[in-house]
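Asks: Taken in order, these protein sequences are the chains called A and B.
Residue 297 in the working numbering sits at position 83 of the first sequence, with consecutive numbering throughout.
Residue 368 in the working numbering sits at position 154 of the second sequence, with consecutive numbering throughout.
Since the hints were made in silico from the structure, they are not lab data.
Watch out, some of these pointers could steer you wrong.
One copy or two, either will do: identical chains are not told apart, so a pair holds if it fits within one copy or between any two.
Stated by the list, open to error - SDA-like cross-link-like pairs, simulated, lysine to any residue; straight-line CA separation at most 20 Å:
1. 354 / 344
2. 357 / 472
3. 357 / 470
4. 357 / 437
5. 357 / 426
6. 357 / 232
7. 357 / 413
8. 405 / 473
9. 405 / 323
10. 354 / 494
11. 354 / 281
12. 357 / 471
13. 354 / 240
14. 357 / 469
2 protein chains.
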Amino acid sequence: MHHPAAPAPLMAFAGSPIDRADHIRTDDAALAELMNWRARVLVMDGLIPGIDDVGGLVWSSLADVAPDAELVFLGLMDGKAHFVPVPAEGAGGPAYAMPAAWQVMQLLSPPDLAIYGGARSLADWHARHRFCARCGSTTKLVKGGWQRHCEPCGADHFPRTDPVTIMLVEHTSEEFGDRLLLGRQPRFPPKMYSALAGFVEPGETIEEAVAREVHEEAGVRVRDVRYIASQPWPFPSQLMIGCTSVADDPELTIDTTELEDARWFTRAELEEARAAGEHGTDLLYFPRPFAIAHHLVAWWLDR
Amino acid sequence: MHHPAAPAPLMAFAGSPIDRADHIRTDDAALAELMNWRARVLVMDGLIPGIDDVGGLVWSSLADVAPDAELVFLGLMDGKAHFVPVPAEGAGGPAYAMPAAWQVMQLLSPPDLAIYGGARSLADWHARHRFCARCGSTTKLVKGGWQRHCEPCGADHFPRTDPVTIMLVEHTSEEFGDRLLLGRQPRFPPKMYSALAGFVEPGETIEEAVAREVHEEAGVRVRDVRYIASQPWPFPSQLMIGCTSVADDPELTIDTTELEDARWFTRAELEEARAAGEHGTDLLYFPRPFAIAHHLVAWWLDR
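With the rest of the complex left out, here is chain A (with noise of 0.2 Å):
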């Protein structure tokens, strides 16, 4: 369904317009009222959606699902019950291995990548979470899909979202002015430079974990780390949080396991590969605008 009336949000998969509803994910009844012909089920195939000509996703009906599927509640909306079916087989990998996925990102209107981002990911975790962690055995989908429960042995596990820090590194300098670091993994097309990211890991805060990597990919110690924004990103589950900082000391030691290259990038050059749009320049494509690190570039540039 196409949402022309719902404001464009900042972030691609953010803005989705449906009511998460979460008192009705422990209320098996309210749950089980709503699951009837008016009850929507998102098209699947696999983990990519169905798309109308409109930019839509498509909805079916509880009719057209097998009596023993399993259906996470996503929400409310129009009055309506939302579901995702879960599929066979889940991916759980990272979206540049999936032309798929890119061209969802191109087709579906802002709302309903939103809707699909949450929904993937929900459906995704569920695919590859059928067994206890704890003890092995099979677990049994319950709160509309918000929990899976071991009756084995009691454990109770829940949907995930991984916190990865993405992130600016300023320098300034008399002979550059302003600069920021951006690096390329080797699987980047050419030309294509992002801003550094990494998992917060236990034990450390975001502005620790921020200093951490540009540290091990870059070899620059930070200071400043401020956040800027935050984005979903549904490949498989992540919740990239976007910050800036700035470096007093140049100089790289890039850590080639992680990173194919790393450099400094000045102000005109970057406002130059803004500017190009999708062709980039000689010297860089900017990130795309799905991708939280376009906005913080543009943030930097525009501030």
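Based on the hints, put chain B in the right spot on chain A.
Replies: Just chain B now, kept in the frame of chain A:
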């Protein structure tokens, strides 16, 4: 070990002096070489650490560990590799149910509390994830404990960190001036109120999660969500993301399945509770210094 020279971190569980040395994790030969007589192993009784007379963690050597023990590589400190053993049983629950955990927070020096927090999250995760969630087989600890691998199905599993938003809600009126919304769960000790909080779910930004949680728990709509600070919280492994927000309409509709009560506190009431220290006032216990809620409310009072 006590680290008197380390600066006191703002947040409990932040500021670990261990270098995570992540390049070692993926280098089997380097890791094997570090597992020598100099390596140090955290002494733990299940998930509770040994503590010496000066608030330091107690470390032993690899000679004291069973040959088949699973060990997680925490990183390097003083040129030595540091490990935590995986206990037979995990815990997985919140801290309020664990008096021993609260005692640890009272006794440990800040740097050792940070080391313990990260180690506890990792050890607890491994103890509760010995089986493959994808196929039910037993998995093997690999990469120094930063991964578990399932040989039968090929799946890899990674230690988990759950992002949780915790938020101040501010309302300003002519009658009361600035007030903050705090809530209490039924399990809280009498007079204890704290900041509202909830897990970030798949498909939402930090800002969307804050707005959703406040509306779900207290019926209040907020705007101008801003990030303030973060804290790792090892019960079992959360990233607390502290924010502030503004409400235009102070009317409350409390979700009594989540909260026993929520109410607006005036600046004077909060100042008085803070000054009263650990005994609180007749109205309120100020949140404890271990919790990020303490720092958020203090930030709001002092800004």
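Asks: Have a look at residue 357 and residue 469 and pick one of within, between, both or neither, based on CA distance no larger than 20 Å.
Replies: Classified as between; 18 Å across copies, 44 Å inside a copy.
Asks: Treating 20 Å as the Cα threshold, decide for residue 357 and residue 413: within, between, both or neither.
Replies: Between. Shortest inter-copy distance 16 Å satisfies the 20 Å Cα cut-off; intra-copy 28 Å does not.
Asks: Using 20 Å as the alpha-carbon threshold, which applies to residue 357 and residue 471: within, between, both, or neither?
Replies: between (42 Å within a copy, 15 Å between copies)
Asks: Please sort residue 405 with residue 323 into within, between, both or neither, judging by C-alpha distance up to 20 Å.
Replies: neither (28 Å within a copy, 48 Å between copies)
Asks: Is it within, between, both or neither when you check residue 405 against residue 473 at 20 Å Cα-Cα?
Replies: So residue 405 and residue 473 pass the 20 Å test inside one copy only (14 Å; across, 52 Å).
Asks: For residue 354 and residue 240, with the copy left unspecified, which applies at a CA distance of at most 20 Å: within, between, both, or neither?
Replies: Within one copy only: 15 Å inside, 35 Å across.
Asks: Between residue 354 and residue 494, at a C-alpha cutoff of 20 Å, which is it: within one copy, between copies, both, or neither?
Replies: Classified as neither; 49 Å inside a copy, 45 Å across copies.
Asks: Treating 20 Å as the Cα threshold, decide for residue 357 and residue 470: within, between, both or neither.
Replies: Cα proximity of residue 357 and residue 470: across copies only (18 Å, versus 45 Å in one copy).
Asks: Checking residue 354 and residue 281: alpha-carbon separation at most 20 Å within a copy, between copies, both or neither?
Replies: For residue 354 and residue 281, the Cα distance is within 20 Å only inside one copy (15 Å; across copies 36 Å).
Asks: Should residue 354 paired with residue 344 be assigned to within, between, both, or neither, using CA atoms and 20 Å as the limit?
Replies: both (7 Å within a copy, 19 Å between copies)
Asks: Could you place residue 357 and residue 426 in one of the four classes (within, between, both, neither) given a Cα distance threshold of 20 Å?
Replies: Cα proximity of residue 357 and residue 426: across copies only (18 Å, versus 38 Å in one copy).
Asks: 20 Å Cα cut-off: does residue 357 pair with residue 232 within a copy, between copies, both or neither?
Replies: Answer is within; shortest intra-copy Cα gap is 18 Å, inter-copy 40 Å.
Against the hints set out earlier in the document, violations occur for numbers 4, 9, 10.
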